[in-house]
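Engineer: Below are the chains, spelled out letter by letter.
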Amino acid sequence: MKARTVGRHFRESFKSLSRNSWMTFASASAVTVTLLLVGVFVMIMMNLNKVADDLEKDVEIKVLVELTANDKEAKQLEKEIKNIDGVASLTYSTKEAELEDLINDFGENMGLSEQNNPLRAAFYVKATNPQDTEKVAEKIDRLKNTYSIEYGEGKIEKLFEFLNVARNVGLVLILALLFTAMFLISNTIRITIVARRREIEIMKLVGATNGFVRIPFVLEGMWIGILGSILPITLVSLLYFNLYKILQPYLEGEMFKLLPITPFLYQVNILILVMGIFIGVWGSFMSVRKFLRV
Amino acid sequence: MISMKNVYKKYPNGIVAANGFNVEIKQGEFVYVVGPSGAGKSTFIKMMYREERPTSGEIIVNGVNLATLKSKNVPYLRRQIGVVFQDFKLLPRLNVYENVAFALEVIEESPKVIRKRVMEVLDLVGLKHKARMFPTELSGGEQQRVSIARSIVNNPKVMIADEPTGNLDPDTSWDIMNLFEEINRRGTTIIMATHNKEIVNTNTHRVIAVEGGLVVRDEVGGAYGYES
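Line by line, the protein sequences are chains Z and G.
Going letter by letter, the first sequence gives residues 1491 to 1784 in this note's numbering.
Going letter by letter, the second sequence gives residues 781 to 1008 in this note's numbering.
Calculated directly from the structure, the hints in this document are not laboratory data.
Among these hints, one or two may not hold up.
[Claimed, not checked] DSBU-like cross-link-like pairs, simulated, lysine-lysine; straight-line CA separation at most 30 Å: (1) 1634(Z) x 1645(Z); (2) 1616(Z) x 1540(Z); (3) 826(G) x 1780(Z); (4) 1634(Z) x 1616(Z); (5) 1492(Z) x 937(G); (6) 850(G) x 1492(Z); (7) 1492(Z) x 790(G); (8) 1492(Z) x 896(G); (9) 1492(Z) x 852(G); (10) 1492(Z) x 892(G); (11) 892(G) x 1780(Z); (12) 1547(Z) x 1572(Z); (13) 850(G) x 1780(Z); (14) 1505(Z) x 892(G); (15) 852(G) x 1505(Z); (16) 896(G) x 1505(Z); (17) 937(G) x 910(G); (18) 1492(Z) x 869(G).
[What the hints assert, rightly or not] Under 7 Å between C-beta atoms, here's a sample of chain Z residues computed to sit facing chain G: (19) 1492; (20) 1697; (21) 1699.
Only a predicted model underlies this, so the values are computations on that prediction, with no experimental measurement involved.
Note that beta-carbon positions come from the ideal geometry of N, C-alpha and C, so glycine has one too.
Using the sequences provided together with the hints, build the complete structure.
Structural biologist: Here is the structure:
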């Protein structure tokens, strides 16, 4: 294809956008509504995912060491824990450090002092895969010189279960939304093309190839996709920007955070734009195809 | 140039529109195709530019067998054949100039050549002064002349016309006929399906009469031969 033909196709696509302004408006609005829904959904889902990840990362096993164990035995225990499959990291905290933590948390007025420290030294263990926490904990429990194991038994399993369900439901919803969008938009575009069916027929009778007829329509679909994604991009950006500004101070110091604006908003907006273009192009492509058999 | 051998065409609804056509047309000929409605005239014409495909048999146009021509190559065939329709088939949203230019844009001709050729043919059909008008602003005869201009703009060797005067009044029909005669004098083969008895009997050329999907008469300088 020659460069001037490419130019012609672009001019044609613009011409027909403005000549069919109502149909352009209808199709672009359909794109807008669905992309807005998808955009908001993606925004919620990705943040939920982030929160879930943060919470998961925070899960650790606290291994209390027997009071009778001496330093050598503690070292031995540390080595044994490290050798367990699926242990990512491990930190040791002496009983003095444990006491300090407790005093920091509850204040000095509990009558606790260095002299009669009732606490045990502890190891804090993180599993490589947070979902394996339970298994790792069981293995540690079988080792010598452990007094007890704490990892929020029961609670974290529930949390993981809930997060998994939430993720899957979100994914299914987004996919369903996308399919609806495709269907809706390709139908709207089809109406515009049915109205121009005779034109397509004439072009083909004069000796135009399928590509020659199709390219302006496909470009038109692309512009519709781009037009339709302007509003969703603006609204999603404004929404997230403000939401982040409002919520972030409350989450300071919490163990989970929202996704930071800078990479996240770019990612979401690019996703919206790409989806808009894809939906528009695909919708036009499929709709013209039917009328090219002349 | 154009030859049909044992061409047979049966439509999905069971109607047999071609029951063994055998026709040979040479370069530069002017041929009328006549016959009553439903005799297979339109099928005969439509198979020549591959709007319809024969069920069996062989149709050769410019050395290409249309019976086996792949769909993707049909556009290239159509560029070698100028087709004029009873209902003009002009693009409603393009003006006269753009309609004619379209046939050249399709073959990616340079803008310079397009301008020159389009003005030439518009001059030939006498519509140079209406180049900026839209099809709806023209009379039937003028629209048909635009469609003729479009069909000859890329110098096809063959021109196929399916009842080109069917929607026109007698005077306008004669204008169109004169145009066809002029184009034929320049060496273009013309195949024209028509119901116009007067034209066939006055401007005598070869007449192919089709009835019941068969060529029942084929004579040079023949008459229309039907009471219409």
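Engineer: Taking 30 Å as the top limit, are the C-alpha atoms of residue 826(G) and residue 1780(Z) close enough?
Structural biologist: Within the cut-off at roughly 21 Å; holds.
Engineer: Check the hint pairing residue 1547(Z) with residue 1572(Z) against an upper bound of 30 Å on the C-alpha distance.
Structural biologist: Holds - the C-alpha atoms of residue 1572(Z) and residue 1547(Z) are around 18 Å apart, at most 30 Å.
Engineer: Assess, step by step, whether the Cα of residue 852(G) is no farther than 30 Å from the Cα of residue 1505(Z), and give holds or violated.
Structural biologist: holds (27 Å)
Engineer: Does residue 1616(Z) sit within 30 Å of residue 1634(Z), going by the straight-line distance between their CA atoms?
Structural biologist: holds (19 Å)
Engineer: For residue 850(G) and residue 1492(Z), compute the direct alpha-carbon distance and say whether it is at most 30 Å.
Structural biologist: holds (24 Å)
Engineer: Given the hinted pair residue 1492(Z) and residue 790(G), is their Cα-Cα distance within 30 Å?
Structural biologist: Violated. Residue 1492(Z) to residue 790(G) sits at ~41 Å, over the 30 Å cutoff.
Engineer: Taken at face value, is the distance from the CA of residue 1540(Z) to the CA of residue 1616(Z) at most 30 Å?
Structural biologist: holds (19 Å)
Engineer: For a C-alpha distance cap of 30 Å, please report whether residue 937(G) and residue 910(G) respect it.
Structural biologist: holds (27 Å)
Engineer: Does residue 1780(Z) lie within 30 Å of residue 892(G) when you go C-alpha to C-alpha?
Structural biologist: Not OK: residue 892(G) and residue 1780(Z) at ~35 Å, beyond 30 Å, violated.
Engineer: Does the structure keep residue 1492(Z) and residue 937(G) at a Cα separation of 30 Å or less?
Structural biologist: Answer holds: residue 1492(Z) to residue 937(G) is near 26 Å, not above 30 Å.
Engineer: Would you mind confirming whether the straight-line C-alpha gap from residue 850(G) to residue 1780(Z) stays at or under 30 Å?
Structural biologist: holds (18 Å)
Engineer: Is the straight-line distance between the alpha-carbon of residue 1492(Z) and that of residue 852(G) 30 Å or less?
Structural biologist: holds (19 Å)
Consistency note: the structure conflicts with the earlier hints numbered 7, 11.
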